[in-house]
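Q: Chain Y: place on chain V using the hints.
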Amino acid sequence: MNPGPFQRVMFALYTVVFFLYLLGPLAVMAVSAFNTPQYPQVWPIEGVTLDWFSALFADQDMMTGLKMSLWIGLLVVCISVPIGLAGAIIMTQIQPRVRSLYYLVVVSPVLTPGIIIGISTVVFWRQFTGQTGTRFLYDGVVLTVLGQASFISAYCMLIILARLQRFDRSQEEAALDLGASYPQVFRHILLPFLKPALASAAVLAFLSSFENYNTTTFAILSDKTLTTVLAGRVRQGSTPAISALAVVIVAVTVIGAIAYEIYKRRSDAAAAARQRAALEAEEAELAGAPAAAMG
Amino acid sequence: MSGSLAFVFGLPLAVVVFFFALAAYERRTGVANGGGFFQRNGLAIGLYLVLAVGFWAFFIILLPQLAMVDMSFRPKLPPSQMGGPKDLYTLENYRYFLFGSTTSTAEWNWLHIKAFFLTIGVSIIITLINFAICYPLAFHMAQSATAARLRVLLLLLILPYWVNEILRAFAFRVLLSSGGIINQMLMGSGLTSEPIDFLGADVGLYMGLSYAYLLMMIFPLYNAIESLDKNQVEAARDLGAPWWHIHAFIVLPHAKPGIASGCTLVFMLTAGALAAPLVLGGPRTLWFTPIVYDRFYQAFNWPQGAAYAFILLVSCIIFVLVVLKAFRLSLGEITR
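Keeping their order, the protein sequence lines are chains V and Y.
Following this note's numbering, the residues of the first sequence are numbered contiguously, the last one being 295.
Following this note's numbering, the residues of the second sequence are numbered contiguously, the last one being 336.
Chain V on its own, in the form it takes in the complex (with noise of 0.2 Å):
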């Protein structure tokens, strides 16, 4: 492995290129929230202002949509994660030739796109509600969860899955043998087992549900989320106040990066100490076993 200079330099420009596109449209954008003109304008700098931000969270709208995709979210959360640890659990139990069609079928939302499953979602429970007298579930919140679930669920199985694949039955053999129930298996072996995989599913599920609008836009009927408020705010005008708001996503977004990195590593430093001090103890041990047979 040894580039030339030529190809070095080539390279570095290159990866200097891909995050200038990648960060820059953002970047640009962040600029302008702090600009003082009613145009989201970048340069000059005729001055320096947290306006945009107040009149972000004096936008009533905004406010409202707001609520509505958190308690969205936290709702997708709730059933896709349960919904995409049972499709996983039954992939690795599944017949093997009914398995890809098993497969082909939970996995098809992904690639479906998005308004294609808002359209679908709608048009189905309109006529369902409608046929079996539970019109109280033809409502936005409701149809939005679902569309959104069809996809989430499936991000959140393959999450699940790619940690249950490195699962040991031999664990749950014993503790089978050892007298649990079926239930205590799943509940003290499996779930533990799975919880980081689980964790991340959730973080994945609420940000996708949070930032989605091609299904939530039709699913959503005539309430309004975060992303379908701004989408018409948008197309109505630019103002510095989205750039604000999207200001206001990064940053939240890196500092909980940066938080979840740090207790990363502290908590794999804490496992690192934990498994040096049981070797340590597992040779000391080991050291004074001879001795005491000799003895």
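Keep in mind that the hints were calculated from the coordinates and are not lab data.
Treat the hints with caution; some may be incorrect.
[To be verified] Computed from the model, here is a short list of chain V residues facing chain Y with C-beta under 7 Å:
#: 1; residue: V28
#: 2; residue: W43
#: 3; residue: I90
#: 4; residue: M91
#: 5; residue: P113
#: 6; residue: I116
#: 7; residue: T121
#: 8; residue: Q127
#: 9; residue: F186
#: 10; residue: L190
#: 11; residue: E211
#: 12; residue: A231
#: 13; residue: T253
All of these numbers come straight from a predicted model, not from anything done at the bench.
Note that CB positions come from ideal geometry on N, CA and C, so glycine has one too.
A: Below, chain Y without anything else, positioned relative to chain V:
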């Protein structure tokens, strides 16, 4: 109406019975090892698994799709006449896509047909461009980056994707508008004297679409290249292979399933994108999804909208399958 209600409840029941029959058959012929499904999981957990997956597969995935297809073959009727004598299956909505309104004099519905083919064509081009942009970085991440570097790269890659699609598209509008920073730089350097209308020329739309799904390309590529044994690349280099030989004959064939799944994802998502066309498209922009959207919320013709959505879905699936076939890949390989 009661017919379709029986269908709604009957289909899941039929499938459940089918699975039980299959399980019984397998147990009798001794194919299945170990006990039955409920014996293995216990009753309570077994029920939870079956109900959760059953609800998901039927009520969230399959039945809505079927309902949409069913609706696309029905005429537009006021709610009072639904299920009445006029509610017959018809191809009217599909005819409209091809030939337009019955009162129009034009031979074909060129506006919609053009938008449709433009959407497919541009999605193909964007998919290829995204592959070209992402491949070098994916290769670097998978084969030569150190662990610490990889973490930073991954974080930088994921960061923009926590910002939602509308805002990402909006960022391109800020960037490319006639008073935007790009036009200021171009005019400042004297390359142009007038601002260039990037948004009117759909440059913004295509850039925004390519940007929106970069991540969907880079991760499958990275996963596929990562599983390649580094020694193979090393061996080829030692034997004197030029760099493009290594990529063309070792890395690309190995990464073929990953390339296929990345391209499939990007193509499907781009063709079905709605946020970027709504935010970045001008009034004269031709893109298929906003037309579908307008069938619902401007024309209030739901069956026609369902037909348009179905046309888009089926064409994309057929296209993807044909391309996979041409590259001798099965669907099972790319989803792995």
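Q: Are V:Q127 and chain Y close enough, Cβ to Cβ, to be under 7 Å, as the hint says?
A: Holds: closest Cβ of chain Y sits about 6 Å from V:Q127, inside 7 Å.
Q: Restraint: V:M91 near chain Y, CB-CB cut 7 Å. Satisfied or not?
A: violated, 9 Å
Q: Tell me if V:T121 is really an interface residue toward chain Y, meaning its C-beta lies closer than 7 Å to one of theirs.
A: holds, 5 Å
Q: Using Cβ atoms only, decide whether V:P113 comes closer than 7 Å to chain Y, and label the hint accordingly.
A: holds, 2 Å
Q: Taking the closest Cβ pair, is V:W43 under 7 Å from chain Y?
A: holds, 6 Å
Q: Do the numbers back the hint for V:I116, that is, is its least Cβ distance to chain Y under 7 Å?
A: Given a least distance of 5 Å, the restraint on V:I116 holds.
Q: Given V:F186 as an interface hint, is its Cβ closer than 7 Å to any Cβ of chain Y?
A: At 5 Å from the nearest chain Y Cβ, V:F186 passes the 7 Å test, so the hint holds.
Q: Is the shortest C-beta separation between V:L190 and chain Y less than 7 Å?
A: Violated, because the Cβ-Cβ distance from V:L190 to chain Y comes to roughly 9 Å (cut-off 7 Å).
Q: With a cut-off of 7 Å, does the beta carbon of V:V28 approach a beta carbon of chain Y closely enough for the hint to hold?
A: holds, 5 Å
Q: Mind checking the CB of V:T253 against every CB in chain Y and telling me if the closest is under 7 Å?
A: holds, 4 Å
Q: Verify the interface restraint on V:A231: the C-beta must sit less than 7 Å from at least one C-beta of chain Y.
A: At about 5 Å, which falls below the 7 Å cut-off, the nearest Cβ of chain Y leaves the hint on V:A231 intact, so it holds.
Q: Holds or violated: the hint that V:E211 contacts chain Y, with Cβ atoms closer than 7 Å.
A: holds, 4 Å
Against the hints set out earlier in the document, violations occur for numbers 4 and 10.
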